[in-house]
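Novice: Using the sequences and the hints, build the whole thing.
The residues making up each chain are set out below.
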Amino acid sequence: MKRNDEKIKNFQSYMKRKGIDACAVTDLDGVNFFADFSFAGQGDAYLLITRKKAYCFTKQMYAADLKKKAPYLALVDSLDCADIVKKARSLKAENCVFDAASTGYLAGKLFYESGFKEAAGLISEVKEEKTASEISRIKKACAISAKAYDIFRKKLKAGISEIEAASLLEGIMSDLGGQGLAFTTIMAFGANSANPHHINSSRKLKEGEVVLLDYGCKYGGYCSDITRTFWFGKNPSAEFSKTFDLVKAAHDEALKYVKAGAAAKEAHNRVCEFFDKNGKLAKYFIHGLGHSLGTAIHETPYLNPRSLSTLKTGNIVTVEPGLYFEGKFGIRYENTVLITDKSVKILTK
Amino acid sequence: MAKLDADKLSLIRKVIKKQGLDAFIISDYSDIKYIMGPVFQPGEAVMLIHSKGVYLTARSLYEAPLKADFPEIQVEGCDVERSSKTVQAVKKLKLKKVGFDGLKETYHDGKIYEKEGFSNIENFLVPVRASKTEAELRNMKASAKIAYKTYEHILSWLEPGVTEQQTAEEIDSFMKKNGASAPSFETIVAFGANSGNPHYVTGKTKLKKNMAVLLDFGCIYKDYCSDITRTFWFGDKPGKEFVEILNIVKSAHDEVVEKARCGQSGAEIDAIARGYIEAAGYGKYFTHRTGHGIGMQIHEEACLSQDNTAVPIMENYCFSVEPGIYIAGKIGVRYEDCFYMTKNGIKQIK
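Listed in order, the protein sequences are those of chains B and C. Per my numbering, residue 1 is the first one in the first sequence, and the count goes up by one each step. Per my numbering, residue 1001 is the first one in the second sequence, and the count goes up by one each step.
If you are wondering where the hints come from, they were derived from the structure by calculation, not from laboratory data. Check the hints yourself; a few may be wrong.
[Unchecked claim] Straight-line Cα separation of at most 25 Å, DSS-like style, residue types lysine-lysine; simulated pairs:
no.	chain 1	residue 1	chain 2	residue 2
1	C	LYS1204	B	LYS2
2	B	LYS69	C	LYS1204
3	C	LYS1330	B	LYS68
4	C	LYS1176	B	LYS157
5	B	LYS206	C	LYS1177
6	C	LYS1111	B	LYS86
7	B	LYS154	C	LYS1176
[Said to hold, decoys possible] Covered, in the sense of this in silico footprint (three residues per stretch, anywhere, with C-beta under 8 Å from a C-beta of chain C), are these stretches of chain B:
no.	segment
8	94-107
9	187-200
10	286-298
Note that beta-carbon positions come from the ideal geometry of N, C-alpha and C, so glycine has one too.
Specialist: Here you go:
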């Protein structure tokens, strides 16, 4: 994995098209995205991207590492947002913007009062189409999570708690080269699987019950996201098997509509129709079909009925239909997929 | 059934009252986790704490389970613009003076609150979160106990030939076997000259006889973090310089334990350790702050640092004390325990 300024360059051509002279980026995820670097916390670094350069305002502590790993950044030893404004002025940048949806309130206020314009959602928009380097990192993160599942299945034993099983799975991902978690692992046994956002407990695994795991790792700063549900033990109940096949079929049905040019809500609506046609089950599908991911686990476009987006080549989204029966069990089947010119490619396998 | 932590809520309500407010908006992920436990992913909920109750708007997916688990919260599902939804709730509840923390809101949301005349109060929750409740202190102690036990285990486990990474794995796995849910940060194991880099990332260096060993690690137990560092000599012929530095660092640590007082600023407590190391002639080799706040997060506010002249360290504040001396390319020593402040000075969390 080599850090690069591809995303800054793409953004600079976007700025040119939109007539933007400079953009202040102050939220941690936005800074890490453009800088292609892993700053540890909010407020560790800010960026001012102009048509020609990317200025990085940061702590002296990061300077040596940045010079080596991200030589494309022009370093400024300050973490005062007023210095970002000063820099923009000294460069005579006229049309300066900041993203109101991701910039903090105090920084945003300072920028606004200094004549910067609000560009709400600007960063999430430019994050949607992934570059080749981003795709290859997400692919790697996805491959690690998919492989971890196979190893996990072999190591899983009755008597283990949800918390212990989550830590077993996380250890496997780290052994396979995963660089931290994409989000908090969900490990649900038995009826706990009926809660899509279950919190792992000390409940122990028994023979003959459902296991649902929703997890992902990071690689080179990028996330993966995968969910698998299976029956632990022999002789799955007929109800489980039937529902499992249905959810998987819904996933396959959805993939037909996850393609460049399609409305992002289309696949979600088709899955609802599919569930309704098969036993009026759409009311048990209680969340959106999917979301995009990148440096953050939830990015736009979303595959849900409220989405106004159109899918494009280079989008990477999750497809995760599920059915949840309170007090009984829940089943979710999720893959991270890449939309290419001609088709859709499953990355988590 | 999960329940809201009554002690924490009453601490928050006290600050709301002290600020002359009726209610406060909390939308930061870790702040909501502090009050409710680990329910959400970041950006999924906004909470409004007022004198009569707690209002919460979250992804509609959570509405039913939350109503079942937290009957005392007034829950409304909402999948877009939760800041506007919160403003509606403020009006329905007829709350007059509402506050928000400008450091924790986006410009978009902060502007919505500002338009309603809500007051921006920065760092509102800092004194609340810094001051641990009895239940929190219990969990912090249990978390520390696991870390200390792990240190004892590693001392007998280490042998020539093991790598830093293998040692880190053993530390992590021993902590989990003893009840931890996870390490509280990436375990640092530095052998020999690697200890001279305070930001060292655990590598593949193998342990040999007569080398310095630096271990910096901690775990999460019931959502609470521990953090300890030990540096020792592996072998029976410690280098003269190592012994000298270790003694200075340990004494600087002990000096803080003896002299830190309730109500001193973070900078004043930092100066105790820094002053000692400077007097010993190693001032320029102590390159970081003396300590950081600790709780549900490994690094919390109310730090023991030179620039923290504003925040006094009050009763039940928890923090690390971790002086160190680093001579790049040669050797480094850090010695760290966590403490809580009492009326009569600081006490080790153990």
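Novice: Work down the list of hints and note, for each, if the structure agrees.
Specialist: Evaluated hints:
1. A threshold of 25 Å between alpha carbons decides the hint, and for LYS1204 (chain C) with LYS2 (chain B) the separation of about 22 Å falls inside it, so the pair holds.
2. Restraint check for LYS69 (chain B) and LYS1204 (chain C): the C-alpha separation of about 21 Å stays at or below 25 Å, so the hint holds.
3. This hinted pair checks out: LYS1330 (chain C) and LYS68 (chain B) have alpha carbons roughly 23 Å apart, not beyond 25 Å.
4. With a C-alpha separation of about 17 Å, the suggested pairing of LYS1176 (chain C) with LYS157 (chain B) holds against the 25 Å cut-off.
5. Annotation: proposed proximity of LYS206 (chain B) to LYS1177 (chain C) holds, straight-line Cα distance about 20 Å (limit 25 Å).
6. Restraint check for LYS1111 (chain C) and LYS86 (chain B): satisfied, since their Cα atoms lie roughly 23 Å apart, inside the 25 Å limit.
7. For the given pair, LYS154 (chain B) sits about 21 Å from LYS1176 (chain C) by alpha-carbon distance, which is consistent with the 25 Å threshold.
8. Judged by the Cβ-Cβ criterion of 8 Å, the segment 94-107 of chain B is covered by chain C as claimed, because 9 of its residues qualify and three suffice.
9. Here's how the segment 187-200 of chain B fares: 4 of its residues keep a CB closer than 8 Å to some CB of chain C, so the rule of at least three is met and the hint holds.
10. A stretch counts as covered by a chain when three or more of its residues have a beta carbon under 8 Å from one of that chain; for the segment 286-298 of chain B and chain C the count is 4, and the coverage holds.
In summary, this structure violates none of the numbered hints.
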